[in-house]
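J.: Sequence:
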Amino acid sequence: MSDGSLEAIVGIEAEEENITMATSVKIGEFDVAKPEQWEAYEERLEQFLVVNKVTEEAHKRANLITVIGNDCYQLLRNLLSPKKPKDVNFDDQVKAPREHFNPRPKIVVERFNFHSRAQHEGENVSDFIASLRKLAATCGFNEFLDEALRDRFVVGLRNRLTQQRLLQEDTLTLTGALTLATAMEAAERGVVTISSTGAIQAVKSSRASKNLTDGLSEKNNRNNQSGCFRCNAQDHWAKNCPYRSKKCSKCGRVGHKSDACRTRDRTKDSGGGKQKKLSLSRHKRHGRVHYAQDKASSTSSHSRDSNCTSQGHHRECFEVRTVCSTGQVAHVTSPPYECELELNGKAVRFQVDTGADKTLINEKTSKQLGLKLSRTTLRLSIYTDHSIPVLGEATIDVVSHNVRLYQLPVLIVKGERVNLLGRDWLSKIKIDWDKFASVNVTTLVQPMDLLVRKHEQVFAETLGTIKGLKANIVLKENLIPKYFKSRPVPFAIKGLIEDELKSLQAQGIITKVKASDFASPIVPVLKRDGKSVRICADFKRTVNPQLEVDKYPLPRLEEIFATLNGGKYFTKLDISQAFLQLELEESCRRFTTINTHLGLFQYNRLTMGLASAPAQIQEAMEKILQGLDVVVYIDDILVSGTSLEDHDNRLNAVLERLSDYGVHLNRKKCEFRLNKISFLGYVIDENGLHPSNEKVEAIHNAQAPTNATEVRSLIGMITYYAKFIPNLSSILVPLNRLLCKESEFRWSEECNAAFDRVKKTLTSDRVLAHFDPKKQLVLQTDASKYGIGCVISHVMPNGDERPVAYASRTLSKPEINYSQLEKEALAIVLGVKRFHQYLFGHHFVLVTDHKPLLTIFGDKKDIPSIAASRLQRWAVLLSAHQYTIKFRRTEDHSNADALSRLPDRAKNISCDKILEVRLEMLPITAETIRTATRKDAELRKVVHYCQNGWPETSEPGLEQYFRKRNELCIEQGVIFWGLRVVIPRSVQRMVLELLHDGHPGIVAMKSIARLHVWFPGIDSAIEDLVRSCEGCQLQRNLPAQAPVQPLVWPEKPWTRIQLDYMGPFHGYFWLIIVDATSKWVEIFPMKHATTSKTIECLRDTFTRFGIPQQVLSDNGSQFCSSEFRAFLKRNNIRQI
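Numbering (my numbering), first residue to last: 3 to 1138.
Where hints are given, some of them may not hold.
[To be verified] Here are the simulated lysine to any residue pairs, SDA-like style, with alpha carbons at most 25 Å apart:
#1 Lys-678 / Trp-749
#2 Lys-787 / Trp-749
#3 Lys-469 / Ser-680
#4 Lys-1081 / Asp-1026
#5 Lys-570 / Thr-721
#6 Lys-787 / Pro-1066
#7 Lys-97 / Asp-33
#8 Lys-574 / Ile-679
#9 Lys-888 / Leu-960
#10 Lys-776 / Lys-835
#11 Lys-504 / Leu-481
#12 Lys-777 / Glu-658
#13 Lys-762 / Asp-894
[Unchecked claim] Now the in silico label distances, taken between C-beta atoms and shown as ranges:
#14 Arg-748 / Arg-669: 54 to 64 Å
#15 Thr-184 / Lys-533: 28 to 38 Å
#16 Arg-748 / Glu-929: 51 to 61 Å
#17 Arg-669 / Lys-487: 32 to 42 Å
#18 His-1001 / Glu-929: 25 to 35 Å
#19 Ala-508 / Arg-669: 34 to 44 Å
#20 His-838 / Ala-189: 57 to 67 Å
The hints are simulated quantities; they were obtained by calculation from the structure and are not laboratory data.
Even for Gly, the Cβ is constructed at its ideal location relative to N, Cα and C.
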């Protein structure tokens, strides 16, 4: 029922309930994505009910709800809400979607659409009139319908000849117009059919295949061809063409567009007296055969001789004919042949045509050569008997192979048509006929192209949706929801992220939610075009650790090779965005929630990064292709066949199955009809199974050592596998000599022979192991200053490691400037990408000799938000795999170490796009920062340590950099801390002034700085700058005013007293005591305003007036000291 064909089971007659149902009849579900088909569906539904004799209202409603499908039923519920469809009568049930899909049209709009409709290119007359009838149905023409259809039909025709013929009729009806137009279309189609028989028959026959264009004037083009010759359009003449003043991108001339250009891609005629030999070249365009033949020799000449005599004198008549293959399947692959001759001292290009009696030159070439024309009685015509204007005849000096030929005649025709080299010149000019064939070769479109066209929906570039299957995420018991806040993103790509989120929403991949107990941060990856981003979710610390990873097995090698064995032809199909084609169950979508600066979104489909995704897609694809003799390996499908017919039948069955389930393929990555195929380190062909050379290319292409360190690494690598290599000591003798301190390093022939023997040994079956998914996988990686290398190995039952494949490459120029941390991480990425087929879907052990990577790529901590952007993206890439990362000392890591020091050469790789964007955003140039960094002694050391490794302890002055050493990277000579540029000391003041522009204040300046720049002590520098700025102080906000709280008036004197100091005045500080009730004042002068003196004065006052209940004072140090407060407490006085 889910594959679009719902079986409505009716036809059971229950006498006791008097229910009439029909026999088992199939009627398809309605596709809500095609609303224009509702009217037809409604008609089919009515007939369905009639055939099945469903007459009662309740039964009609039930049948409608049953057959329309889930999507349409949901729409119907929404349209009829708050009522339910079962509670609404049948007519209203049908009416609601009808008005929704086909709202009542506006007559003016519908008539505008009708009168704007013209015949499309390639559309036949029958389809055109059918389309007009459909548009007219909503225009309200009523009794004028036939007249409106006739008028629009005639006006909208593309073929001007047919249109002119219809306009010549005095009384034209719609039926008559259709009959005449259909007949003319059939006649034209018959002529095209003759021409599509190919170029070989055209040479043998003089019957032409289509209206000719070469040699015709512009006037004749208008008279004999439909439409505009400037742009090939059919709805206007050339004089009204918008391309009349536009420049052609093909020939550079003004007056037409490139699609309508009739000029060959030939070099322009150039002058000069230098003699040029005859040169032949093939023109990159479909071939044509031209004829300029004496009509007297034509079989049809007798019927036309009368036309060749006029005004009392006889004119010779010639025919110019062109035959082109116009078939849709067959097409000419050989271009016309051209040669270059020297005419009057100038080089002129001709198209060689053995079918032409005469040699023709166009008007433009004639003017360039300065020919003097004489009148001629010759007449040229095409097969339709239309004339080609001949401007005249001339004689010309011709040079070929340094032979000067005089008085060769040539005809000059009007226009800029191709120059034809006819038989009259060919009989006198020597040409090497062996250099080109006599006829064009016709080939057929590849059958695979036809198969792709047949299943074009499967190869659509849109995202597919697998029908009938959904993925389910199962978490462990006692799960703990984890919520991570969104990470800050660069302003430069903020808009790109927002666009990508909108695109994902539009495709139904994600949905915005208001709240969630799970939330994972995102990592944006800038794509190669630099104009869009890929959003990756970081499930490393949220979902993956709590997942019950599916144990669905990947196919074993024996199964794969048994299925493909005996095949002679192979096809590899790639599923486009395989994970995203599988929808998630509603109940588990909350686990995939991502946190962005725009809020929370949850995935509606399976996504990369979930640990269970490979097993889920493997299970789904095996269910889809169950019963077909093919191999499914996650997102790859392998098809084989013992013959082309067998292969194509199997492939067609696979594509049909994929189409039924809504699976889409990536056409660009699919490979068809291969004679052999590489898979999991093997090459499979009709002769059987062979080891692939790709897995040992890193060893074969390894460069010879150039110093003792590289030799030591090479020896370490072969020693690593010593137990598998007999007579190892004898192999290494020449190499060991190079390590002697007394001897000079010199790479000899003996060393080279030993090196080749080492490479041969390491790639032999004695050392290499065949891939076995049952055995534990180990990926070992390492990096040097100039290369990276990796080895994938199996752990044998006795604990030994045997290599399965090697990989290495040199670092590109930008990568050489990476920090050592990033180089080591890049080696891991190389291994994961190069050995993707081996690793994806399997658990493996990742071994590195760089401890900091255990923190970044380990599963104990999340990806550091301040880490370099490329490290974040690489960590997300690894999160899609199941692995355990381990540290191994360099001394025990010699196999990968040697590959990194003797790497295979690689192409340059561009630097980090996001960091480039950060540099472009800064108000000071990257060159300014780069130059200042080179001149800064402190930062020079930082650069050195980043590229070569940091010491165990920090040297003085670099403590802050040392603490951030795992988060620093170098890009284009500039140091980055995460996404923030490290500013050298000499430009720090300039950066602070830029941050201070507009007096934003301390908080705003720090916020901006934390997005873009950093240097030690930047927060303190910002605070000092703002505090010393008069403008900032004037613009700062005043503290909030507190409401006035009046004190309670004392009931009797000396209940509350007020204290304060005045001075210094006349060399004294004056302690003033005022009674709040009586306003009595006590004043005490003193040399030093200390707490002890204050207490002494208060004791004297209290002995005379008594102890008050309250004391009111400011925050002077004398009144806030612990001694003063202790005095008040002892006397039970409250301080206000």
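J.: Has the given pair, Lys-1081 with Asp-1026, been kept, meaning a C-alpha gap of at most 25 Å?
T.: violated, 46 Å
J.: Run the distance test for Lys-678 versus Trp-749: straight-line Cα separation, threshold 25 Å.
T.: Judged against 25 Å, a Cα distance of about 40 Å means the pair is violated.
J.: Against the 25 Å threshold, does the CA-CA distance of Lys-888 and Leu-960 hold or violate the hint?
T.: The given pair, whose Cα atoms are some 30 Å apart, is violated under the 25 Å limit.
J.: Under the criterion that the straight-line Cα-Cα distance not exceed 25 Å, is the pair Lys-787, Pro-1066 satisfied?
T.: Measuring from Cα to Cα gives roughly 72 Å; hence the hint is violated.
J.: Please work out if Lys-504 and Leu-481 have their alpha carbons no farther apart than 25 Å.
T.: violated, 31 Å
J.: Quickly compare the C-alpha distance for Lys-762 and Asp-894 to 25 Å and report which way the hint goes.
T.: Holds, because 23 Å separates the two Cα atoms, which is no more than 25 Å.
J.: Next pair to validate is Lys-777 with Glu-658; report whether the Cα-Cα distance is within 25 Å.
T.: violated, 37 Å
J.: Would the pair Lys-787 and Trp-749 pass a check requiring their Cα atoms to be no farther apart than 25 Å?
T.: Roughly 22 Å separates the two Cα atoms, so the pair holds.
J.: Check the hint pairing Lys-97 with Asp-33 against an upper bound of 25 Å on the C-alpha distance.
T.: holds, 17 Å
J.: Does the beta carbon distance between Ala-508 and Arg-669 stay inside 34 to 44 Å, or does it fall outside?
T.: For Arg-669 against Ala-508, whose Cβ atoms are near 23 Å apart, the range 34 to 44 Å is violated.
J.: Starting from the range 25 to 35 Å, see whether the pair His-1001 and Glu-929 falls in it by beta-carbon distance.
T.: holds, 29 Å
J.: I want to verify a distance hint. Is the separation of the beta carbons of Arg-748 and Glu-929 within 51 to 61 Å?
T.: Cβ of Arg-748 to Cβ of Glu-929: about 44 Å, so the range 51 to 61 Å is violated.
Checked against the numbered hints above, the structure violates hints 1, 3, 4, 5, 6, 9, 11, 12, 15, 16, 19; every other hint is satisfied.
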